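Protein chains: 4
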Amino acid sequence: MHPPSIQKLIDLFSKFPTVGPRTAARFVFYLMGKSQEEIEELTKSILELKEKVKICPFCFNSFEGESKLCPICSNPSRDKTLLCIVEKEIDLEAIEKIKKYRGLYFILGGTVSTFKKGDIEKLRIKELVKRIKERAEVQEIIIAVNPTAEGKATALYLERALKPFNKKITRLGRGLPVGGELEYADEETLSSAIEGRK
Amino acid sequence: MHPPSIQKLIDLFSKFPTVGPRTAARFVFYLMGKSQEEIEELTKSILELKEKVKICPFCFNSFEGESKLCPICSNPSRDKTLLCIVEKEIDLEAIEKIKKYRGLYFILGGTVSTFKKGDIEKLRIKELVKRIKERAEVQEIIIAVNPTAEGKATALYLERALKPFNKKITRLGRGLPVGGELEYADEETLSSAIEGRK
Amino acid sequence: MHPPSIQKLIDLFSKFPTVGPRTAARFVFYLMGKSQEEIEELTKSILELKEKVKICPFCFNSFEGESKLCPICSNPSRDKTLLCIVEKEIDLEAIEKIKKYRGLYFILGGTVSTFKKGDIEKLRIKELVKRIKERAEVQEIIIAVNPTAEGKATALYLERALKPFNKKITRLGRGLPVGGELEYADEETLSSAIEGRK
Amino acid sequence: MHPPSIQKLIDLFSKFPTVGPRTAARFVFYLMGKSQEEIEELTKSILELKEKVKICPFCFNSFEGESKLCPICSNPSRDKTLLCIVEKEIDLEAIEKIKKYRGLYFILGGTVSTFKKGDIEKLRIKELVKRIKERAEVQEIIIAVNPTAEGKATALYLERALKPFNKKITRLGRGLPVGGELEYADEETLSSAIEGRK
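Chains as they are written, first to last, in the working numbering: chain A, 6 to 203; chain B, 6 to 203; chain C, 6 to 203; chain D, 6 to 203.
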């Protein structure tokens with residue numbers, strides 16, 4: 006029903022995370038109301054992403070600039086004995102924001118729900134193992150994946166895969182979140198809260 | 006905290022309808038995972054919007070192609086005695102989709118919550134009046150704005166503005182929607198349902 | 006896990022509409038904090054329901070007092086040519102509240118999703134037919150059931166069952182409710198809104 | 006609009022936790038459809054609450070039976086060195102359900118948002134202090150209030166009030182709940198999760 010060039014762009018926006026066809030259509034109508042300058046500012050910014058932004062060869066975090074490693078990995082005051090494995094860049098950012106962790110990161114690139122070879126190969130397991138071999142100074146590996154079903158399967162896989170390296174392996178503390186109520190907590194969360202009391 | 010070229014794009018996506026900074030960041034991380042070809046397909050599609058898509062000089066609907074008017078306005082089998090005023094293109098599409106209306110449209114470009122001159126001038130009132138003057142064949146004007154507070158204020162303004170032309174002016178039927186329940190209906194909706202029984 | 010007298014009451018409250026075991030438990034703990042006087046006020050009020058409240062033999066509405074019919078049925082100023090069929094008492098109240106309808110009511114006692122004999126017999130169809138036969142003055146029968154799937158099946162059944170009486174039969178007006186938006190309306194609602202424009 | 010005996014009962018049900026006038030009305034209509042036997046079963050059950058259910062003089066839990074203390078307090082296999090302070094009975098039940106805690110309880114009777122004398126006196130602080138003085142065997146006091154704003158204020162007050170007794174005082178573990186996501190966690194919860202890793 007839409008003209009082809011509108012439909013094409015709706016299809017492309019529909020692939021964006023959280024965006025369905027209806028929202029994609031709103032995006033297109035929004036862009037149609039913008040001036041030629043605004044449109045070019047947007048397309049130029051999108052193209053520059055690929056040109057300017059680099060991926061850190063150690064942790065896979067994105068950054069910009071002349072240095073070889075990202076600002077976290079190249080910061081001499083970070084604690085090189087700690088390695089925190091996160092699923093995706095936005096989780097790394099969430100942890101950085103609270104300013105409680107001073108170690109290094111490794112972005113795994115996803116989670117798995119099964120241990121099938123095809124699923125596992127989508128994660129950066131080989132790269133992770135390589136980092137741990139290269140960096141003898143790492144003493145604790147923090148598996149900071151989400152306590153969802155997929156995250157728990159992934160954590161289990163990681164624990165097994167990293168066991169041979171004889172490092173301390175930890176997971177994020179589990180328990181009641183701020184504002185949580187005992188009455189409505191699931192049994193697993195409440196068990197963690199009771200057992201993890203301090 | 007983000008590199009400047011990422012932050013710039015987050016800011017631009019944050020202006021998209023329904024998008025906040027968190028979703029905008031997800032869009033950027035999504036794009037960073039795309040190949041150069043996919044990025045260029047997206048930017049090319051965005052740029053082509055302005056080049057290929059035309060706005061119909063009668064109804065302000067967007068379309069593509071060589072013809073002067075949009076496919077609806079240039080369709081000889083549409084009923085030229087009916088003119089349906091909608092707020093925005095997406096409402097026109099919603100009505101087209103149900104295939105019950107065979108008349109013409111006019112996209113008003115928004116709604117107003119006040120009758121202040123500055124607000125009113127954002128709507129295409131002058132263009133609407135011009136169309137009605139030019140097209141003596143129009144017999145019924147359907148004010149198909151949403152029955153929200155803003156929509157009702159806009160409908161009231163339109164009724165006054167269009168009164169001098171002595172056309173039949175109608176509004177969309179009001180009542181219980183599919184799946185609605187009397188018990189939970191607001192009084193105005195229930196009144197419309199009782200009075201509009203048939 | 007609960008003492009038996011608590012569990013018994015939780016079970017009874019769990020049968021109340023919209024109440025699950027968790028809410029039922031909260032009700033019981035609430036009652037346990039009440040004084041003996043307050044508890045007796047509640048149980049006395051519950052027992053008085055059966056004693057004082059009568060069901061109107063014409064419309065099946067509940068009422069209190071010495072008169073034979075309910076206040077609506079015995080009100081000489083109500084329009085006896087109109088009969089509005091509702092599913093349940095709370096719907097009758099919703100319509101009374103808007104003060105736009107001045108006719109009589111008939112409470113059907115439910116809706117059906119199938120036309121099976123067992124389902125149909127749960128409704129007061131026989132009583133309804135009897136009322137319509139007795140009251141020759143009825144000119145319009147308004148089928149005011151909810152436009153849900155069950156409501157629509159029930160309305161269809163009623164239309165067929167009442168057809169032999171040659172009365173005007175109407176249904177509630179359908180369309181966009183207050184605050185509704187064309188963009189998000191289902192096709193049936195939007196069709197009703199277009200066709201029912203006025 | 007309702008008959009007085011219906012309105013009276015709606016008013017009483019409206020005071021139940023989580024119940025508004027609309028739900029209260031549904032409760033009344035539900036009861037009106039019940040038989041005399043069912044109504045009497047309900048009112049008898051409500052009256053028996055006060056007669057049969059006793060409050061444990063140690064922990065304030067409710068129970069039924071001939072014994073002086075509740076089944077938990079009179080169970081010789083429970084660990085008397087642990088005392089878990091909960092806000093309300095339903096929290097005690099939530100903890101019992103997960104079968105991970107084998108100590109005793111104390112139901113505080115609420116939480117406070119301020120340390121004003123009037124507010125504090127609504128809690129069973131005096132009784133709690135008395136229990137701890139009487140029971141030298143208590144070694145750990147677990148403050149198991151919700152990590153809400155009120156709960157945290159209450160926990161702070163309890164910690165201060167119980168400090169003179171030189172017992173180990175713990176709180177529930179905090180962190181990400183099952184199904185929680187780093188990306189959406191508040192900073193305090195994420196800090197607890199990082200610091201409480203294990």
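No wet-lab data here; the hints were simulated from the structure.
Everything numeric in this text was worked out from a predicted model, so none of it was measured.
Hints may be right or wrong, so weigh each one.
If several chains are the same, the list does not tell them apart, and a pair holds so long as it fits within one copy or across any two.
[Said to hold, decoys possible] No more than 25 Å apart at the CA atoms, straight line, and that leaves these computed lysine to any residue pairs for SDA-like:
#1 K13 with Q41
#2 K13 with I60
#3 K59 with Q41
#4 K55 with S196
#5 K102 with A166
#6 K13 with R136
#7 K104 with E45
#8 K138 with N171
#9 K55 with A166
#10 K131 with I103
#11 K73 with I130
#12 K127 with E42
#13 K168 with I103
#14 K13 with K203
#15 K203 with M37
#16 K105 with E188
#17 K203 with I60
#18 K20 with K49
Review point. Can you give the numbers of the hints that this structure goes against, from lowest to highest?
Key: Violated hints (numbers, rising): 4, 5, 6, 7, 9, 10, 13, 14, 15 and 17; every other hint is consistent with the structure.
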